[in-house]
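Start from the sequences, fold in the hints, and give me the full structure.
There are 2 protein chains.
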Amino acid sequence: MRLAMLALLLGASLAASADEGMWTFDNFPAATVEAKYGANIDSAWLDRARRSTIRLSNCTASFVSPEGLILTNHHCVEACLANLSTRDMSLVQTGFVSRGRSDEPRCATQVADVLQSMENVTGKVTQAITGLDGPAANDARKEALTRLEQACEKNTGLKCESVTLYQGGQYFLYRYKRYDDVRLVLAPEADIAAFGGDPDNFQFPRWSLDFSMLRAYEKGKPAKTPDYFPIRFAGPEAGEPMFVSGHPGATERLDTRAELEFQRDLVLPNWLLRYAELRGRYIQFGKGSEAAARIVEEPLNSLENGIKVQRKLLDALRGDSLLAAKSEAEQALRAKMAGDTAFGDPWADITKATTIERSLYLPYLFLEGAGGFNSASFRYARTLVRAAAERGKPNTERLREYTDTALPRLAQRTLATVPVYPELENLTLSFSLERMREWLGPDHPVVRLLLAKDSPDRLAARLIADTKLADPATRRQLWDGGAAAIAASGDPMIRLALAIDEPSRAVRKRYEDEVEAPITTASEKIAAARFKVYGTNVYPDATFTLRLNYGTVAGWNEDGRDIPPFTQLATAFGRATGSEPFRIPDSWLRVRDSLDMQTPFCISTTNDIVGGNSGSPLIDAQGRIVGLLFDGNIHSISGRYGFDVAQNRAIAVHPAIIREALQKVYHADAVLRELGVR
Amino acid sequence: MRLAMLALLLGASLAASADEGMWTFDNFPAATVEAKYGANIDSAWLDRARRSTIRLSNCTASFVSPEGLILTNHHCVEACLANLSTRDMSLVQTGFVSRGRSDEPRCATQVADVLQSMENVTGKVTQAITGLDGPAANDARKEALTRLEQACEKNTGLKCESVTLYQGGQYFLYRYKRYDDVRLVLAPEADIAAFGGDPDNFQFPRWSLDFSMLRAYEKGKPAKTPDYFPIRFAGPEAGEPMFVSGHPGATERLDTRAELEFQRDLVLPNWLLRYAELRGRYIQFGKGSEAAARIVEEPLNSLENGIKVQRKLLDALRGDSLLAAKSEAEQALRAKMAGDTAFGDPWADITKATTIERSLYLPYLFLEGAGGFNSASFRYARTLVRAAAERGKPNTERLREYTDTALPRLAQRTLATVPVYPELENLTLSFSLERMREWLGPDHPVVRLLLAKDSPDRLAARLIADTKLADPATRRQLWDGGAAAIAASGDPMIRLALAIDEPSRAVRKRYEDEVEAPITTASEKIAAARFKVYGTNVYPDATFTLRLNYGTVAGWNEDGRDIPPFTQLATAFGRATGSEPFRIPDSWLRVRDSLDMQTPFCISTTNDIVGGNSGSPLIDAQGRIVGLLFDGNIHSISGRYGFDVAQNRAIAVHPAIIREALQKVYHADAVLRELGVR
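Chains as they are written, first to last, in our numbering: chain A, 2 to 679; chain B, 2 to 679.
Do not rely on the hints blindly, as some may be mistaken.
If several chains are the same, the list does not tell them apart, and a pair holds so long as it fits within one copy or across any two.
Claimed, not checked - Listed next, the in silico SDA-like pairs over lysine to any residue satisfying Cα-Cα at most 20 Å (straight line): (1) K337 x E162; (2) K288 x E424; (3) K510 x R591; (4) K222 x N121; (5) K313 x G442; (6) K469 x E162; (7) K665 x G536.
Keep in mind that the hints were calculated from the coordinates and are not lab data.
The model shown is predicted, which means the values in this text are computed figures rather than measured ones.
Right under this line is the structure:
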């Protein structure tokens, strides 16, 4: 780990030899790849890969047919499956196989974005803040980004989003074609899709059939998608060059030591404590009845994944070596810049800001972050209250998540018909109110306001019983009615969101002025220094925007033991206990004798991936899909802070097991034809 | 914090001026106290305080009448109250006021120990291990302690326990008079005893009436206890010298940096994650019914207290200053010993041992520590299986917790009639099996043995449904029947305990030989060096043995705000919300008009206390009780690692509020007479 971190921190000049890097499509190191792997990645290859790769709201996906068919992970559509379920029936448990195109139900809150072009707007942003400093620069920067997005959308008709790369070293506009009608085609049962469950999550060897299929629609018809990846069902060979095109969510490899210490000391421990408890509440709740188990399954799965990630992140920060390497790298860059008097000490500025951040962290988390109000109804109320207030302002003066660019997606999410279960709402809201009281203390003004004469349980029960926000028609009326409708509303959740809006905005304003503003200014300085000293042959931290990386099919050595890069179906049957999460579904047991037990199941590769890459196509040098990324091994989690070339591995579903499942288990003949099988 | 830590680590020569120290009764710094506070603590004072102070199984207490009446905290008898409760009735909730001596129910697993004398046996232990090293020395040391205890009990008829002081710098035999018949006299309702609950725990100002009364019996009659503390109900003045006689449980102020890092990196984070989840399960379980809420109340309260403690301990270790001070102190002592070639590098020896400990930690925790088998039935099974095996061996060859000295107490605990609730057993056992699978992994041999074809839920449900160990008669039969009865038993919990006994003992043996043995040897070396360099005017770490400390009534300054050292009853009524944990019981509301609202409620003092001191008498220079210790402020938690003279405060119940409660709320006239009131 230490070597890889140093290589990166000291300018990434060694990164290429380590298959490290989440490269933007405008700066892909094609020459390095050619030299190392003999693969020719030209601009046609890149363009086709870009137009075939999809950003979902939470994951990556890709087109696999010219008629909008999308391949992604099961866990990427789990929320959609839950939204299409009821107390009495869970598509998460049963899976879903469409009987034809008229039988593809819509994922009400999903979208599919395809990147069309990127424009470097660094100069325009720099110009907008020239002569400004601190909070004024911070505000001006946001206004400039909003203006640029607005003009772009007007001119192109595409979705335009500004992207901050290299911690402020570059600003870009990314332009997307957006499909907001995304429908479900096929999903296996969770028992096989997430075989091994939480115990096997982030483990390899592995036997999880974590795939699903969606379809993009336009004007009520399957979208025409001439750019797509064909699938090479035979899969890759060990040692073959592999590419992953996708949207890695977030890394912090370029963060300063002070920022990482803030994560280590406050963010991660607090998160883990609160969510370990919520995990316990979910599990116990689910034991109450079969309906309760169905209701809680998807949020519990998501939570358990988060706990494993945060736990390993904290482990990584707790070790001395990562932070020591970070200090060395900072010293080295500081030394190189010693002659530049205008440079100042941006690391000291960030350290000072994180000191303030420590004092703001808990109120920010519980109020502005709504950590004290964990419920779908409150999230609706917060959005409705703020959207009404912000829409009354000029576009550039709004909170950034309520600009004209953001509103259509916000409306889709807020107005979609999805189930809201009061019993689960009660659980999460009473839990979060109680923890807010624990962490802010019973004497905090907001806590006294809400709980001076009430208990968290009683308050939550009353709010959930009386709010009508679970009904989409009520939300539609408040969304359309705007500020007047909000002011007139007697809904208790709306009144709660109004009551805490001022203290929430106040802590956010302090955070933006006293933490975000100085950190952004200092980060831009450090980024400029890094470009100056180390050049531009580097990649930026992940920002849930399109990246390409390269690697190869390979296992690794764990405590002296070689882990081979492929697994086979037979071992899944051997590992089954008959009980969740090691249960093989009946649909598979019924056809067991017809299955080829030697079918490859999962693949380990050296590609540099992170959460958000889930659902990414694993592509060969000819641009064919040879696997479906769904996870990393346990060492990959600390990849958030630095890439460990020896042990960090990506994990993909092998296409052969997908074909085996489609043919013999799910009899998805139409899908197979669409994929060109037989 | 840093100054106090350094003072301590560098030899405690400054400790006296800081009111720091948990002094053994044979080494109390009476001259320092006389000089600072003008209080004359002579040997008669010390002898009376020692004979009036009680060690309960989990707390401190004291005699307050010549007829065995005992004053301690409510939370110290909460387990007894729960044991005397049922699904339908909770003494924790209702409280208890005895109607007379025939109405004092026995706390089935409680004992009251009074220290009679102490003997320094360091020479005898040193002699026993002369010429031995490593595991052989470790075994010989334990055998010597067992032999010494055995001989002492035979010669004196008292309970004899060996005590390791100064991390092996001294070994003592402590001789106790034991009362194993301890009965309940009085306890307030939890709503007032723990007013403020978890949110206010470890906070000050405070309004918790955390007191209760027990009585020691001998041969079925109230014990004669001529040594006791009278109560000065008017309470102390600010600035008056205060003494706390009690049994602080455990501090780690003399531990090495490597040992603290092991706590920081493994023990505390793992504990917090697992128990935060269990907290969530308990809370959700308690919402199921009023009976469930009653059943879970006591374990939940205990757990929440633990979570707050461990959380603040981790915070303390995460800061850089404590560990930096530790390193400096180690360097300083190492430098002083540089000329002594036989000294070696005991810190390096300990670091090496903790490296091994890291690899053994999880299997030790889940198997030998039974962290994978959290249920009363399993604990019974483990004890019965091991007691049968160990009793068949010579006394000195047994595991130390099964020697002849330990057996009577073990039998009392194992055979007592206490409620065992299968629904709670199911919860804790399935939880711990599942977490064992998470942390050891599904492929660990013991996990495969138990869960290869089963789920944690199903296995737990079957074990709890089929075991008969909840029945004391079954346990009695297996205890009396010994090895033959165990071998013949088909009870599934006994079979489970047998099945995992060998792997559990194996990891324990490795731990003892490879971790405990080298650490003990190295710690003894460091202790000897510390005595040599810094002299003997120091106090040892807490070991749940009798200590005396001194201080004064004082508040502190919190973020520029002065916290006064007394609170009054009126504020409790102002703070009440009507809902738990801020609910004032009906018994108080009914007599509200008769109460003196200016009655002092709680007291803050500078005494150096830690968990285990709960229930300690706060004593004035004349040996009268002027308060009942029940907590420390939030800064006191890190007192485990070092005393912060500026902010570390002990918290006591004021005797005036106890009198007010006994007179006006509980009408405990007989108790008041016994206490000499009116």
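Under the constraints set out in the numbered hints, which ones does this structure not fulfil? Result: hints 1, 3, 4, 6 and 7 break, sorted rising.
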